[in-house]
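Student: The chain contents come next:
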Amino acid sequence: MTTRQTLTLNDTVYETAHTRKYTLRKAYTPRDPGRITAFIPGLVLEVLVKPGDLVRRGQSLLVLEAMKMQNHVAAPSDGTVLDVTAAPGATVAKGQLLVTLRTASDTL
Amino acid sequence: MSLPRKLKDHAARQAEATEPHPEAARKQAAQGKLLARERITAILDPESFHEYDLFVEHKCSDFGMAKKQLPGDGVITGTGTIAGHPVAIYAQDFTVAGGSLGLAHARKITKIMDHAIKLGIPLIGINDSGGARIQEGVNSLAGYGEIFYRNTLASGVIPQISIILGPCAGGAVYSPALTDFVFVVDKISKMFITGPEVIKTVLGEEISMEDLGGARVQSEISGNAHFYAESEATCFEQVKRLVTFIPWNNRKKADPFNTSPSRTEEDLERIIPSEAHRPYDVRDVLRAVCDGSDFMEVQALWAANIVVGFARMNGRTVGMVANQPAVLAGVLDVDSSDKAARFIRFCDAFNIPLVTFVDLPGYLPGVDQEHAGVIRHGAKLLYAYSEATVPKITVILRKAYGGGYIAMCSRHLGADFVFAWPCAEIAVMGPEGAANIIFKGEIAAAADPEAFRKQKVQEYTEKFASPYVAAANGHVDAVIAPRQTRDFLLHALAISEQKDEPRPARKHGVPPF
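Protein chains in written order, with the numbering used here: chain A, 1 to 108; chain B, 1 to 513.
Keep in mind that the hints were calculated from the coordinates and are not lab data. Some hints here could point you the wrong way.
[What the hints assert, rightly or not] In silico DSS-like pairs for lysine-lysine, Cα to Cα no more than 30 Å straight-line: (1) Lys187/B x Lys26/A; (2) Lys187/B x Lys68/A; (3) Lys21/A x Lys187/B; (4) Lys118/B x Lys59/B.
[Claimed, not checked] Where chain A lies over chain B, by a calculated footprint (3+ residues, C-beta under 8 Å): (5) 299-308; (6) 319-330.
[Said to hold, decoys possible] Chain B side only, calculated, beta carbon under 8 Å to chain A, not exhaustive: (7) Ala25; (8) Val202; (9) His277; (10) Val367; (11) Gly414; (12) Asp416; (13) Asn436.
Glycine residues also receive a C-beta, built at the ideal position from the N, C-alpha and C atoms.
Required output: the full structure, derived from the provided sequences and hints.
Tutor: Following this line, the structure appears as structure tokens:
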């Protein structure tokens with residue numbers, strides 16, 4: 001078995017093949033609490049906030065219908081609505097940006 | 001009716017129930033699929049199949065079903081032999097109402113399952129079904145549930161084999177998932193809980209049936225399937241071969257099998273490169289050690305960084321587990337731990353001794369691994385090895401570092417015998433990493449840090465990267481030359497024949513599923 005792929009563990013570089021799953025793994029990106037994205041693909045039924053609104057943690061930002069369920073998408077923390085990307089009636093993909101918040105931890 | 005007329009009537013009934021509907025048979029052939037009866041004949045010894053419940057009829061009268069005659073209610077059940085080993089078998093018949101599962105269909109399956117459990121013989125199920133028979137409603141669901149229940153009761157009592165030769169979707173797929181070995185065939189097998197159409201409607205994601213749950217995907221990505229074949233004929237050869245390796249039930253040992261000794265063991269000394277970072281195919285080691293170099297790998301395509309499978313030593317079946325340095329350096333990770341743990345539990349349940357070959361640098365680092373629960377999955381391997389009471393023999397070939405050393409059936413997890421080759425390195429980690437940590441300060445302060453570091457790595461290698469520290473502490477029983485491996489294994493297995501290791505009574509353990 002010949003291979004040019006390597007794996008480094010505890011400062012040793014091993015010559016070894018990668019698996020398909022290892023090659024396909026995604027790099028980790030830290031979660032941005034200000035970016036509210038669709039956790040499931042679906043239909044935006046109603047948008048309950050507009051830019052400039054002050055929102056409390058747990059407050060509904062919009063209603064996203066998916067799998068016959070009307071899901072309330074809630075604010076993960078207190079903050080100010082910076083932008084609303086979702087429009088009522090829009091079909092959104094999983095992970096698509098819906099609302100941008102400026103949260104308490106953000107610095108201007 | 002006179003007897004001759006009754007015989008004629010019987011023959012007519014039999015023919016009506018067994019002859020395939022021509023149009024449905026043509027469709028089955030067009031998809032490259034054999035008929036259910038042809039499949040059974042191909043797997044079993046000639047003339048050995050004995051069919052039961054041919055005249056079973058469904059009792060559904062809703063949605064116009066009362067007038068519908070379904071031969072055998074879409075499933076063929078019976079018993080037969082494979083190379084003389086008895087088996088119970090059922091095959092869903094896609095040419096009869098799409099192989100759909102109604103209550104009578106399910107009850108035929110549960111009846112043959114009950115037989116198999118009582119008789120203590122392996123069960124083979126051939127799945128080729130469109131799913132639940134909608135007209136029968138909740139009775140169809142009841143049928144599935146009764147099958148799952150028996151799959152669970154039979155687990156660890158009789159070997160259960162599932163062959164997926166068509167669609168096996170929705171709830172139906174949980175029966176194979178509860179069995180020990182799942183066989184799939186390229187372009188024929190389709191397994192999923194929710195199909196491409198539902199996924200498209202609900203999630204807006206488009207994917208083909210093949211990419212979602214085809215044979216290749218189930219063998220390489222999900223790990224749901226254990227054996228992959230290009231054709232039904234190859235698949236049946238795999239099934240027959242597997243049956244010769246496993247016992248009838250958990251009260252027996254696998255039948256001995258006359259095989260030739262392994263090929264020359266001198267090969268062993270040429271397989272492994274002495275530099276610990278260079279790869280080799282560990283299966284070459286297994287084949288050099290076992291009878292006739294005949295090693296039957298299980299789940300060859302999934303989590304290839306660990307190798308598991310069956311072989312024979314002096315004619316007796318053993319389960320072999322080995323780290324594979326050729327793939328991901330042989331690390332343990334979520335999938336390889338799952339794969340090995342399941343295999344170990346099968347071997348332990350069915351009195352198959354375990355031989356473990358160790359060469360691993362440790363666990364795979366990564367956010368994806370930690371978030372996928374490598375702690376919980378890795379623990380399954382520790383659990384499975386510790387729980388197993390069959391003879392457990394470990395051979396440390398080269399690297400055995402850190403937690404990986406403990407997990408790979410070390411003395412500490414109850415190995416009966418631990419052997420190590422002279423090139424074994426049993427340590428907390430590799431020399432590079434260890435020296436960099438231990439001498440961090442000194443390296444930084446040295447006049448020539450790189451030269452000093454190299455010197456310390458060299459010192460650590462000489463002192464600790466060997467089997468002798470572990471041997472001095474009795475963690476390794478013998479340091480053996482590679483060419484002595486087969487001899488030591490044969491002896492250890494022979495004297496472990498009557499091994500008995502009682503454990504405290506309990507209902508069952510609670511493994512980290």
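Student: Please list, smallest to largest, the hint numbers that this structure does not respect.
Tutor: 2, 7, 11 and 12
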